[in-house]
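Quick mapping for you: the protein sequence lines, in order, are chains H and V. Going by numbering that gives the first Met the number 0, 43 is the number at position 44 of the first sequence; the sequence numbering is gapless. Going by numbering that gives the first Met the number 0, 77 is the number at position 78 of the second sequence; the sequence numbering is gapless.
The hints are simulated quantities; they were obtained by calculation from the structure and are not laboratory data. Predicted model, so just to flag it, every value in this text is computed and none were measured. Just so you know, not all the hints are guaranteed correct.
Partial list, computed: chain V residues near chain H (C-beta under 7 Å) [unchecked claim]: (1) Q48; (2) Y58; (3) G62; (4) N64; (5) R166; (6) G168; (7) F170.
We put the CB at the ideal spot given by N, CA and C, even for glycine.
Next come the chains, spelled out residue by residue.
Protein chains: 2
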Amino acid sequence: MAAPALDFWFDFASTYSYLTAMRITPLAEKASVRVRFRPFLLGAIFQAQGWTTSPFNLYPAKGRNMWRDLERSCADLGLPFHRPDPFPQNSLLAARVALVALDQSWGEEFCRTLFRAEFAHGRRIDDAAVIADVLATFDIDTEPVLAAARSDAIKARLRAQTEEAQRLGVFGAPSFTTTDGELFWGNDRLEPALRWANAAAEQS
Amino acid sequence: MAAPALDFWFDFASTYSYLTAMRITPLAEKASVRVRFRPFLLGAIFQAQGWTTSPFNLYPAKGRNMWRDLERSCADLGLPFHRPDPFPQNSLLAARVALVALDQSWGEEFCRTLFRAEFAHGRRIDDAAVIADVLATFDIDTEPVLAAARSDAIKARLRAQTEEAQRLGVFGAPSFTTTDGELFWGNDRLEPALRWANAAAEQS
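The following block holds chain H by itself, in its conformation from the complex (with noise of 0.2 Å):
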């Protein structure tokens, strides 16, 4: 039996991606699957579908919709909400960081202090002050990380990533891919994702 494994996609900028960020970890661990953690720019591919923004600030309705439904489920799960603003915001520079985090063994705590001092305390992560003060909460030297993170290694790294997602048939975020092929999107998908990675690890 192989090890059950899950690629969690997600972009800073996203607001139910803050959910998942929040979630995955103690589910997964629960379900004794091994999540990866793998940041993209959401923002290119809504470009490829000719989309200049969000799907929630082009249909009003829908994105009227999204906050109300993003408010009731932080409720929910006892999480801080704070709307972003503005939203979305870029998130290029957050996701090179996180992509360097992500190599040492802080990373995960990284992206969930990142994605709360955007959506539980209104911060704007495309500031790199914000980026440097999140770093600083944690035992390291900030410098050589954000040296790393402009980079044209970690640049190269990203669009690759970003890439891969999109032949995964990655549309949104956050998105679940499994080693058989399966691609699960959205937040409410999460327990159907895992539960389908350790069935498939069963299987092989």
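Keeping the supplied structure of chain H fixed, place chain V upon it in accordance with the hints.
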């Protein structure tokens, strides 16, 4: 305390409305919530957003995921599934007949039977003969029902119902609205909507 109530907005062409139509009645009974079945024309609301067909057709990656997700969801729920062709189907006559049927005791069962004809058996709900077939499975005189469905009064009622949906912020199907003005969108929100309807009634 007011009696807990929830409006269930659906379109017969909508894939996830099939799942909700099959699930809602026992869940609502369990939650002691009185549900009102409210067919409307999602196509009219899509047109107002500038869409000429379903977003599942406009955005291929989104569409591919929906079909696969529906297949998996039906398997999880033990529901048969047959992908309708063409998609979406014109649901105008179906909605008009449903409006007539829902004034009768067998109306909700008619809706479920029509959803099954389309999504479990692959029959065309834009075909008047199929609708007549489904009606004929009930112990009723079908001709007056079909005649009423084609009356100006029912045509006007469906238009008014679709306008009411739009006024309530409905932008997709299924949707749920509560007496205290909440809107929930999607089959995934059926349980939270029932919980909300119950809590709202307790507070009123």
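Should the interface hint for F170/V be scored as holding, given a Cβ-Cβ cut-off of 7 Å against chain H? Check passed: Cβ of F170/V comes within 4 Å of chain H, closer than 7 Å.
Mind checking the CB of Q48/V against every CB in chain H and telling me if the closest is under 7 Å? Constraint on Q48/V satisfied, holds at 6 Å.
At a threshold of 7 Å, is the proposed contact between N64/V and chain H supported by beta-carbon distances? Check passed: Cβ of N64/V comes within 5 Å of chain H, closer than 7 Å.
So, as I understand it, the hint says G62/V touches chain H; can you test that by seeing if any CB pair is closer than 7 Å? 9 Å, violated
Under the criterion of a CB-CB separation shorter than 7 Å, is R166/V in contact with chain H as hinted? Not OK, violated: R166/V not within 7 Å of chain H, min 11 Å.
Can the hint on G168/V be confirmed by a CB-to-CB distance to chain H that is less than 7 Å? It holds, given that the least Cβ distance between G168/V and chain H is near 5 Å, below 7 Å.
Restraint: Y58/V near chain H, CB-CB cut 7 Å. Satisfied or not? 6 Å, holds
Comparing the model with each earlier hint shows violations of hints 3, 5; every other hint is respected.
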